[in-house]
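With the hints as constraints, model all of the structure from the sequences given.
Residue numbers (the working numbering), protein chains in the order written: chain A, 431 to 525; chain B, 3 to 488.
One or more hints might be untrue.
What the hints assert, rightly or not - Pairs of lysine-lysine, PhoX-like flavour, derived with a Cα cap of 25 angstroms:
#, chain 1, residue 1, chain 2, residue 2
1, A, K460, B, K413
2, A, K460, B, K264
3, B, K256, B, K277
4, B, K419, B, K264
Just so you know, the hints here were simulated from the structure itself, not pulled from any lab data.
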Amino acid sequence: MPLSLDDVQRIACLARIEITPAEAEDVRSKLDGIFELIGRMRAVDTEGVEPMSHALDAVLPVRDDRVTEINRREDYLRVAPAVEAGLYLVPKVIE
Amino acid sequence: MFTAPIAELSAALAAKRVSAVELTTSALARIDAANPQLNAFATIDPDGALARARDADAARAAGTVGPLAGIPVAHKDVLMTAGLRTTCGSRMLANFVAPYDAFVVQKLRDAGMVLVGKTNMDEFAMGSSNENSFFGPVRNPWNPDYVPGGSSGGSAAAVAARLVPAATGTDTGGSIRQPAALSGISGLKPTYGVCSRYGLIAFASSLDTPGVLAQTAHDCALLLNAMAGHDPRDSTSLDRPIEDYTRDLARPLKGLRIGLPKEYFGEGTEPSVVKAIDAALAELRGLGATTVEVSLPSVDLAVPVYYVIASAEASSNLSRFDGVRYGHRAARYADLADMYQKTRAQGFGAEVKRRILVGTYVLSHGYYDAYYLKAQQVRRRIAEDFRRAYERCDVIVGPTSPTTAFRLGDKVDNPVKMYLNDIFTVAANLIGAPGISIPCGFDRQGLPVGMLLQGRHFGEATLLNVAHQYQLATDWHARVPPGFAP
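Quick look at the structure:
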């Protein structure tokens, strides 16, 4: 089923990416093509097949609950766009 | 001599016929001359490289060093390199200086390799032609109007033009093997989990695999020996006994069973590619291998399955780029939500945005079962096809790509046409298995053809053996693009 411009805006909102009205149709038509490719997979019978999320069905390793990391706060703050008093600065959310 | 494979350079360094500083100076000069045309490098670090080269010479003078000490190397710009810009080919990270080294970067540094710079790539590793980079496309050294393949296009071009003897790459859907094929060099994707993903800026976490591009399978084995290993900082890194990936190189091919998937030899592959592969198979039979037809019936679903899973994982991984902690931030915005939306609209290119949108859709409420879960089920079917095939053969052989290199601009307007470049490569990523692409001929325009050897999980030593024996009997891998001869 082809995507509508509303679909595109809804997905763009979920993905937190601004799509302007000028771009929307081109995005929509390219996405349509991609979903047509993907559609081929949906026709296959997979009744009873276990989903495969990892190549080797590995188990998540655990480690001892001890402090092992060193504090590199200054190094990580240095690459940020806006910081103050050791905190990341963003537009105010709560009035 | 300076453009010889690593095995030879290593011997020359050991015999003191050349120093690391001389090798590095030569590499930097070649990069300087070639990069304006090829655009293979996003960042070059001459001062750092020469300092590292001096250290390598000093270490050699002071004691024993390994086979990679003093050898120049370039890292794909998706791998973090402490103190050096790491851009992922994106405006989003155009000025990002990495605060730490990726595990594989550190391992090669510990082995004494001399980092000379970071290679250009398709943005966030999404692409098959290296036309998606914020820093402009990379050009194929065999013909600058043609693409080198992607997403590790910069690494492939750099090795093909003999600017560096080896470069790292990453392979999520074919991004080491396909550019290796289109650029006429050897490219190895190891088994998933063999090389740590710590410091590899994530695209698709269940598929991303660090690996090597070099002139020969032997050189790939030398780098893999240094790069592989358990890393507790990557929860998918495997803890296995250490392997020497060069151990089986010299083994004769008598008794090797090669599987030829009938689905790989249908229509859709260029005649010149078919011809070169057929000739390569004859060569392998001449070396003692036998061939048997196998079938991988689900394999034509691998591309759609890949684009569901990879896009879904990308949408999750790239959600971290929001202008808060690193990278690009929009200059003007109304509020926090607007900051996110504008930052991401500005920071990401069109292909990256497309894949994030696809991924967001397939993971969203109401669609998750029909798309993402379904793709994971078909993924298991593909894995079973390969398992059955390996009951009757040791390695699977076919073309790496259905075509040789194409002209810049040929496929950019049609994402699906671009995606179908990956038709032979994606399955190995979905199942986590290793693969190597090696050169096996040229088309009528002089563009390289690559042959893909695929193996069972942890079958790297076997793949490297077959590739090496083929390279002892042929010289495709020794050909250098016109204009880049030593």
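Outcome of the hint check:
Among the hinted pairs, A:K460 with B:K413 is consistent with the structure: their alpha-carbon atoms are about 13 angstroms apart, no more than 25 angstroms. Proximity of A:K460 to B:K264 is assessed by CA-CA distance (about 32 angstroms); at most 25 angstroms being required, the pair is judged violated. Taken as a hint, the B:K256 and B:K277 pair is honoured in the structure, with Cα atoms around 24 angstroms apart against an allowance of 25 angstroms. For the given pair, B:K419 sits about 22 angstroms from B:K264 by alpha-carbon distance, which is consistent with the 25 angstroms threshold.
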